[in-house]
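Student: Protein sequence lines, in the order shown, are assigned to chains V and L. Quick note on numbering: the first sequence equals residues -2 to 520 in the working numbering. Quick note on numbering: the second sequence equals residues 474 to 786 in the working numbering.
Derived by calculation from the structure, the hints in this document are not laboratory data. Ideal placement from N, C-alpha and C gives every residue a C-beta, glycine not left out. Just to be clear, a hint being listed does not mean it is correct.
Claimed, not checked - Here are the computed distance ranges between Cβ atoms for each label pair:
#	chain 1	residue 1	chain 2	residue 2	range
1	L	Gln535	V	Glu473	20 to 26 angstroms
2	L	Trp721	V	Pro255	28 to 34 angstroms
3	V	Pro255	L	Leu647	20 to 26 angstroms
Stated by the list, open to error - Partial list, derived from the structure: chain V residues whose beta carbon lies under 10 angstroms from chain L:
#	residue
4	Thr33
5	Gln35
6	Lys36
7	Thr39
8	Ala43
9	Asn49
10	Asp131
11	Ser157
12	Val233
13	Glu408
14	Gly437
As the list claims (entries may be wrong) - Facing chain L, from chain V, some residues (calculated, C-beta under 10 angstroms):
#	residue
15	Leu50
16	Pro428
17	Phe443
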Amino acid sequence: MPILKTRKSGRALRRTIWIASVTLTALAAMAQAQETPQKGGTLIVARPADVNLWDPKFTNDNASLWAQGQIFSNLIINSPDGTRLLPSLAKSWSISEDATSYTFNLRTEAAFCNGDLITADDVKFSFDRNMEDDSNVSWQFPADPVVTVVDEHTVQIELSRPNVAFVSYLTLWGSHILSKNYAEEVGIEALANQPMGSGPFCLDSWDKGQVAILTPNPGYWDSEKPYVDRVEMRVVQDDNARILQLRSGEVDVALLIPFSQAESLENAPGLETTMVTIFGTAAVVPNMRTVPAFADVKVRQAIAYAVDRQSMIDAMLFGNGKPAGSPFYGPGILFWTDDYAVGFDLDKAKALMAESSVPDGFSVTLTIPSGDEMAAQTAVILNDQLGEIGIDVIISPVESGTWWSLWSGGEFEMVYKLGTNDVLDPAMNIPFDFWPKDIGGSDSAFSGYKNERIIEISVAAEGELDQAKREVLYDELQRIAMEEMPQLYLFHPSVIYGVRDNVRGFEVFPTKGHRFWETWKVQ
Amino acid sequence: MDFASFLMRRLVQIVPVLFGIVLVVFLVVRLIPGDPARIMLGVYASDERLAGLRTQLGLDRQIAAQFFSFLGDAAQGQLGTSLVFRRPVLEIIGERLPPTVALITFAVLLSVAICVPLAMLAATRQGRPPDQAIRGVTTLTLAMPSFWLGLNLLILFAVLFPIFPVSGYGRGFLDTLWHLFLPALTITLSLAPILIRTLRSSVIEALQAPHVAFARTKGLPHRLLMSRHVLRNGLMATVTILGVNIGWLLGGSVVIENVFSIPGLGNLIISSVSARDYPMIQGIALVFGLMVICINLITDIVYALLDPRVSYD
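Take these sequences, add in the hints, and give me the full structure.
Tutor: Set out below in structure tokens:
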């Protein structure tokens, strides 16, 4: 079949380009890595917000979880390029054939900041605590895991149903290892305030709202790291102030630089800016329960064709983003493909509208969180572009807490969301995006959409250990989703960060996480 | 009525005012849509978990019951535990209050130190170049939004001429003064136009008063004339305006705190509202309310001290 053939060769070409670009990046990284890391020095980082608390159990904000990642270790960790899982506190692990039982062998030499060795009891304590009902991170433990201490350095986790994505979740902050003895000694409030690190760094002091100072953990299992003697995480809320500090050399690293400023920093002396496309998608969810027109697949398809994603990226993100061509959250996600991407085609969009149940168009309210610049700009562009096919978009900005409430309560017509995937595995967001509430989903992002085949595929893929078979399943899922358009997938935004030119090894990953223990300074 | 009973009566009046503030804040945060449990547990939480957390937080109880238990705790000095920080609200307010108070106090002192001499100069040289210059410049700074002004001061005095730090609050008295100078100056520059203009016009009015003309003809030295008869009369309106403005500054401090990364209360209340951290919002509103009441009280006292005609009743 010629069409299939074209598609295949298109995929092969893209894969070649992908491999080539990965190789180039790897070569560039190798060139940099040839410099031997130097020990010592203080790394000063300007961050837009302070840590709220150091207790992973109650954490759901980026500023806190990025900081916690520096002082706590997990059993396993993502490789820096994000393609593999590497040992961390667990030196090895095995998965049973039915993907329900996971056994982890812990390192014997890893210690907390107070010198206590990290044992299986600490792992059980940390996981059990974070799975409790009042935990903000219980969603990171799918399939009801039961943790058993086999011996001092062996932990076994049993799942109620097969879930091969489970190990991916173990790289998240919900699986940080805390000290059981310390927690029992100091109590819960102290965990929020004075954490006992299990990772590369220890919290030395915390001047709330201003600066948190980290020093290396002498008991960290990798004796080579961290390279720096000290990290100062400064709170610099204002975007412009953060840039000023980077320019003046007052800080070594500035996180989250606004798109509008990135260009002005490009030629600034003594510093480098880098753009990373995140595992995240800006999308609009149509509510099929409140707007009958959205239940018509032709209307959803028409909208998908009517939107010029690249022009959106150029106008809002100054080109720093990628059009979304899959329900999965970006090109780095496992099994992602944009083979079924929908391009901008106004004629096709108009034709689809004419064939639909609402050929004369209709009026719809788009709810967005106020104060979110990207949401506001997206809404304005959508208003313009959907106007071309007779859909009158009324923009309704509401305070972010209200936005949450309206969205999750199903009290919306269309809602803007920026969803992120914190792990490599696409399985993380599938229940949220595609499953009804009775099987643990969210009514397909509260839209009322339901497709039995997608549910069947995703359940099968969760229990499928054979990666090739998983790929086939997820390929079909992406194809159906791009035909049915339960959400209007728009673009994957980027984040931009800046470092001084004597800083090496600092990188922000597509999950927006970063590792100060891999970073060093040319003295 | 003597001063002590005046003070006592004013203190007693605080109670119903505070009750009103607490009631309004309590109702408003619950009337706006937004569920703390949903915000805490995130998008992936199931309905059962949400319901469980609401029960645990006491959010499924009747509003009246919630209000009275909050009131009872507040009366005993208990403001609850923050849903975001997982620490006592009072402890967090205790950490965040000093920067805000220090900033506002510094700004007010700086404003007085700058505005009083300038207003006197403008008033005594009415219509002449110094007056024109002062009025012109203050009109200009009145038109500048404070975040813009703050950023420009930052670029000028922290980046191009690195005299002051770019952000933060500092440790110790002198370090704090050094850190807070630019933010305080930003506030001063936005406050100055109002202060200088009112003070200038009331000084001009006082200068034309018969008792001033009389004092001048009897040969009172210029300095004494100005301080005893002109300034004292002229300050009355300024004190009132300053009092009102400090109350307003408390609310407005959020912008300055944000630009200069000062870890104060203004900063905290915004994030607490977004997170629907009810105990935190209620606590901060209570503290802000108390502060405004205290400032009004102080204004009244200063007023009475300045003007013997004002009696304590």
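Student: Now tell me, hint by hint, if it's right for this structure.
Tutor: Here is what the structure says about each hint:
{"no.": "1", "hint": "L:Gln535 to V:Glu473: 20 to 26 angstroms", "result": "violated (51 angstroms)"}
{"no.": "2", "hint": "L:Trp721 to V:Pro255: 28 to 34 angstroms", "result": "holds (30 angstroms)"}
{"no.": "3", "hint": "V:Pro255 to L:Leu647: 20 to 26 angstroms", "result": "violated (34 angstroms)"}
{"no.": "4", "hint": "Thr33", "result": "violated (33 angstroms)"}
{"no.": "5", "hint": "Gln35", "result": "violated (27 angstroms)"}
{"no.": "6", "hint": "Lys36", "result": "violated (28 angstroms)"}
{"no.": "7", "hint": "Thr39", "result": "violated (16 angstroms)"}
{"no.": "8", "hint": "Ala43", "result": "holds (9 angstroms)"}
{"no.": "9", "hint": "Asn49", "result": "holds (5 angstroms)"}
{"no.": "10", "hint": "Asp131", "result": "holds (6 angstroms)"}
{"no.": "11", "hint": "Ser157", "result": "violated (15 angstroms)"}
{"no.": "12", "hint": "Val233", "result": "holds (5 angstroms)"}
{"no.": "13", "hint": "Glu408", "result": "holds (8 angstroms)"}
{"no.": "14", "hint": "Gly437", "result": "holds (7 angstroms)"}
{"no.": "15", "hint": "Leu50", "result": "holds (5 angstroms)"}
{"no.": "16", "hint": "Pro428", "result": "holds (8 angstroms)"}
{"no.": "17", "hint": "Phe443", "result": "holds (9 angstroms)"}
The structure does not agree with the numbered hints 1, 3, 4, 5, 6, 7, 11 stated previously, though it agrees with the rest.
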